[in-house]
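> With chain S's structure known, arrange chain U on it following the hints.
Okay, here's what each chain looks like letter by letter:
Protein chains: 2
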Amino acid sequence: MEPYILYYWPTIQGRGEFVRLALEEAGVPYRDVGRGPKGMPQISASLDFRSEPLAAFAPPVLRAGELLIGQTANILLFLGARHGLAPRTEKGRLWCNQLQLTIADIVAEAHDTHHPISVNSYYEEQKKEARARSRDFRAERIPKFLNYFEKVLAANPGRGNFAVGSRLTYVDLSLFQLVEGLRYAFPKTMGQLEPQWPKLAALCETVRQRPNIAAYLASKRRIPFNEEGIFRRYPELDK
Amino acid sequence: MEPYILYYWPTIQGRGEFVRLALEEAGVPYRDVGRGPKGMPQISASLDFRSEPLAAFAPPVLRAGELLIGQTANILLFLGARHGLAPRTEKGRLWCNQLQLTIADIVAEAHDTHHPISVNSYYEEQKKEARARSRDFRAERIPKFLNYFEKVLAANPGRGNFAVGSRLTYVDLSLFQLVEGLRYAFPKTMGQLEPQWPKLAALCETVRQRPNIAAYLASKRRIPFNEEGIFRRYPELDK
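For the record, the sequence lines run as chains S and U. Numbering-wise, full-length UniProt numbering puts 205 at position 205 of the first sequence, and it's gapless, one number per residue. Numbering-wise, full-length UniProt numbering puts 31 at position 31 of the second sequence, and it's gapless, one number per residue.
I should point out that these hints are in silico values taken from the structure, not numbers from a laboratory. Bear in mind that the values here come from a model prediction, so they are computed numbers and not experimental data. Warning: the hint list may mix true and false statements.
The list makes no distinction among identical chains, and a pair is therefore deemed to hold if it is satisfied within one copy or across any two copies.
[As the list claims (entries may be wrong)] Below, in silico cross-link-like pairs of lysine to aspartate or glutamate (EDC-like), each with a Cα-Cα straight-line distance of 16 Å or less:
(1) K91 x E52
(2) K91 x E66
(3) K144 x D48
(4) K151 x D48
Chain S with its partners taken away, still in its complex shape (with noise of 0.2 Å):
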């Protein structure tokens, strides 16, 4: 098979993270393009109609073969039929897409923690208001939504504590990656508060373990947390 490639910013983990995370786990092979010589312009050309038409938004963008896939639960919903990582189901590939459809929508705030006013300006530039959104984040909607991924994990009656079914699915990386971003940027609100989600943390546990995931992790591959990505760590949005 022709290797996937992926379309991604090469200095952070960003939204690819979820996509590297499911493509490593599988095993199969995956050019990161933007991290190999003349990324940049190819990442480019994934956004353009001129030479691509089904050009994407935004990256991340995965090809494989020919189809071109964009937006990351969109790309996770592909993986995870091709290779394993979701039901066979329509049920359980429903609830798959749905479970990770929320992680997206929490992602999604947590990035508007540092950017509330604009993705156009620093978050130097809009400091303040980055506080008054953190501030309501960290109290509300972080206990909102992990409260219900834990409810998620105690509903599931498959063995494992998986968040679907008996076996792994992409929906278990992404709870991964979701949780070590908080840890992450919130190290104090996730410090207090984690011991509520005991079975969050353990599913974390299982997903570092797997051996795909823990070779990962360990390689130059795994591109660190840092304050250009979405999970960023400033300390006065943690206080």
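Below, chain U without anything else, positioned relative to chain S:
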């Protein structure tokens, strides 16, 4: 067939409207339970793991026989496949889902123009920040997204000026709702900018004239836009 049951807030179009439009166009029976007697407890139950093993995080939620489906784009993925509102090919389905998720992104941003700091506070408490966010939304985000959708229409080789292929899909219905919402919330801005997007405007008229949609829009089932929904007309945010 058992009628579908839609769980959504009874007084707003909101995200539920994207689902209502698909159900109306498909001409399938559904109960909008929020608008009937004892609607609110039924909506709450769809979000409660004590009554639903696959409880949703938030409305809209659709019950389809044994299935309970949450997240707007996920509901449309299901309805599109089942009622001929999406192509049959994997490529076409993924492209529809990708476009719908991009619509979801701008819908979330439209919401945040009036709630940039917290969904738990009133608009009046975040009016200053709302003005700043709306300025960016009008100057940068509306043009970026609508330019993109105009190009999607231009790049589609199919006949009929639809977004995907030569037949109407749920994406066309959602683009109609998006543009109508932006026209309602930002009449001045849209009046100035819309001439740039003739294909989008033409698509809106095509959708508006579909017999089932025309009947729906003329009925009491169509809740008018108002200042409780996602698209709100606050003149101070449109200048």
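> Please list, smallest to largest, the hint numbers that this structure does not respect.
none
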